[in-house]
Amino acid sequence: MKTLIVDKNGALSIGEVSKPSINEYQALVKMIACGVCNGTDTKLIHGNFKGFSYEKDYPMMLGHEGVGRVAEVGAKVSGYKVGDVVLLPFAGPLDGVHCGWGAYSEYGVVNDAKALADAGIAVGAASFPDCAFGQNIVPPDIDPVDSVMIITLREVLSSIKTFGISANQSVVIFGCGPVGMTFIRFLSLLGVHPIIAFDIDGSKLEAAVANGAAYAYNSNNLDVAGSVREICPGGVDCVIDAVGVLGLINQGLRLIKDRGKICCYGISPDCRMELDWADAPYNWNICFQQFPSKIEEGETHAQILAWLRSGAINLKDYISDYVEFKDIISAFERLERREIKLKCVIKY
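Okay, so the sequence shown: first residue is 229 according to my numbering, each after it adds one.
It is worth saying that the hints were derived from the structure and are not from the lab. Note that the Cβ used here is the ideal one computed from N, Cα and C, for glycine as well. Don't take every hint at face value.
Now the in silico label distances, taken between C-beta atoms and shown as ranges [stated by the list, open to error]: (1) G539 to A354: 24 to 32 Å; (2) S455 to K304: 57 to 65 Å; (3) N513 to I557: 36 to 44 Å; (4) K304 to A438: 32 to 40 Å; (5) I349 to E567: 42 to 50 Å; (6) F516 to S538: 31 to 39 Å; (7) A345 to M501: 35 to 43 Å; (8) G243 to P368: 28 to 36 Å; (9) P461 to K230: 52 to 60 Å; (10) E458 to K575: 42 to 50 Å; (11) F519 to G238: 19 to 27 Å; (12) D555 to A530: 15 to 23 Å; (13) G311 to S394: 36 to 44 Å; (14) G419 to I349: 23 to 31 Å.
With a straight-line Cα cutoff of 27 Å, these simulated DSS-like cross-link-like pairs (lysine-lysine) come out [stated by the list, open to error]: (15) K247 to K258; (16) K247 to K304; (17) K236 to K247; (18) K271 to K309; (19) K432 to K389; (20) K284 to K304; (21) K230 to K271; (22) K284 to K247; (23) K258 to K230; (24) K309 to K258; (25) K544 to K575; (26) K569 to K278; (27) K575 to K432; (28) K544 to K271; (29) K247 to K342; (30) K271 to K236; (31) K284 to K271; (32) K432 to K230; (33) K247 to K309; (34) K554 to K258; (35) K432 to K569.
Input sequences plus hints: build the corresponding full structure.
Here's what the structure looks like:
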């Protein structure tokens, strides 16, 4: 099968590897689409994603926001049938190419959590990875191509729960890309107020307000701390970094109230910094939630579908580009040039 590969020099190519095989508790999936993740994918290409290195993990198959249609099921599979559309199929390692989840491939594999549990196999065993709980079926009323966005939506909602953000709290969020916009929309639906959004791209601010931000500012054009303190003189309950910029932690410490929280969702390419809490309150918390549990993601699946069906959210609001798989390398080149405004979806 064809797959997108990044080598140890960061160069992308469409290569060929063996089609993955399945065991009796797995299903083989023909890929329909995969979303481009500006956080994970680009950091893996540049060799600065935490836990991976050019020396030991490359060449690598990329892609983790996939959706596909079940083409074949193992002998003991009971939770899937041929034709089901399923989230989060993965592929790799294959033929000496390492696994960066491998969803930019023509085929992937999903694990049947129901059959594995019925067989008494323990979660966490080699044959029962926790990703099985996130490999959920997409119902027929949801567009299968657009459904790749459900993966990001579930990651964000499960992270909001982990951060412990609740109704009537005040939040500052840095970053109004697809992830930041999702945070804004969900926080608004959950009754969080006020939501104060910042981005360096002024074109995104109107959309931030449309999605529920009470205030949206270009952080290059004003005093961030002064603006926040005008709205919330005592500081805000929470600051969310949705982009992965280390400096936002120290900046956020000047914005929170006593016992406030810095919530880091974006993954920075640099994993070290010097904290400066001279202007922070005496009591504060910092929480890193950068690799959501697939079990927790799966638990949000029903809520996301309910919001979609009620019209509270629309998948197309988060997607700006659709690109055929044969043109995937040019899509990443456009992403590097910042020509893709929201989510880019690769179609097969």
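A quick look at each hint next to the structure:
no.: 1; hint: G539 to A354: 24 to 32 Å; result: violated, 42 Å
no.: 2; hint: S455 to K304: 57 to 65 Å; result: holds, 58 Å
no.: 3; hint: N513 to I557: 36 to 44 Å; result: holds, 42 Å
no.: 4; hint: K304 to A438: 32 to 40 Å; result: violated, 47 Å
no.: 5; hint: I349 to E567: 42 to 50 Å; result: holds, 46 Å
no.: 6; hint: F516 to S538: 31 to 39 Å; result: holds, 32 Å
no.: 7; hint: A345 to M501: 35 to 43 Å; result: holds, 42 Å
no.: 8; hint: G243 to P368: 28 to 36 Å; result: holds, 34 Å
no.: 9; hint: P461 to K230: 52 to 60 Å; result: holds, 57 Å
no.: 10; hint: E458 to K575: 42 to 50 Å; result: holds, 46 Å
no.: 11; hint: F519 to G238: 19 to 27 Å; result: holds, 22 Å
no.: 12; hint: D555 to A530: 15 to 23 Å; result: violated, 35 Å
no.: 13; hint: G311 to S394: 36 to 44 Å; result: holds, 40 Å
no.: 14; hint: G419 to I349: 23 to 31 Å; result: violated, 40 Å
no.: 15; hint: K247 to K258; result: holds, 10 Å
no.: 16; hint: K247 to K304; result: holds, 21 Å
no.: 17; hint: K236 to K247; result: holds, 23 Å
no.: 18; hint: K271 to K309; result: violated, 35 Å
no.: 19; hint: K432 to K389; result: holds, 25 Å
no.: 20; hint: K284 to K304; result: violated, 35 Å
no.: 21; hint: K230 to K271; result: holds, 22 Å
no.: 22; hint: K284 to K247; result: holds, 23 Å
no.: 23; hint: K258 to K230; result: holds, 12 Å
no.: 24; hint: K309 to K258; result: holds, 13 Å
no.: 25; hint: K544 to K575; result: holds, 15 Å
no.: 26; hint: K569 to K278; result: holds, 25 Å
no.: 27; hint: K575 to K432; result: holds, 25 Å
no.: 28; hint: K544 to K271; result: holds, 25 Å
no.: 29; hint: K247 to K342; result: holds, 25 Å
no.: 30; hint: K271 to K236; result: holds, 13 Å
no.: 31; hint: K284 to K271; result: holds, 16 Å
no.: 32; hint: K432 to K230; result: violated, 35 Å
no.: 33; hint: K247 to K309; result: holds, 20 Å
no.: 34; hint: K554 to K258; result: holds, 16 Å
no.: 35; hint: K432 to K569; result: holds, 9 Å
When each numbered hint is compared with the structure, violations occur for hints 1, 4, 12, 14, 18, 20 and 32.
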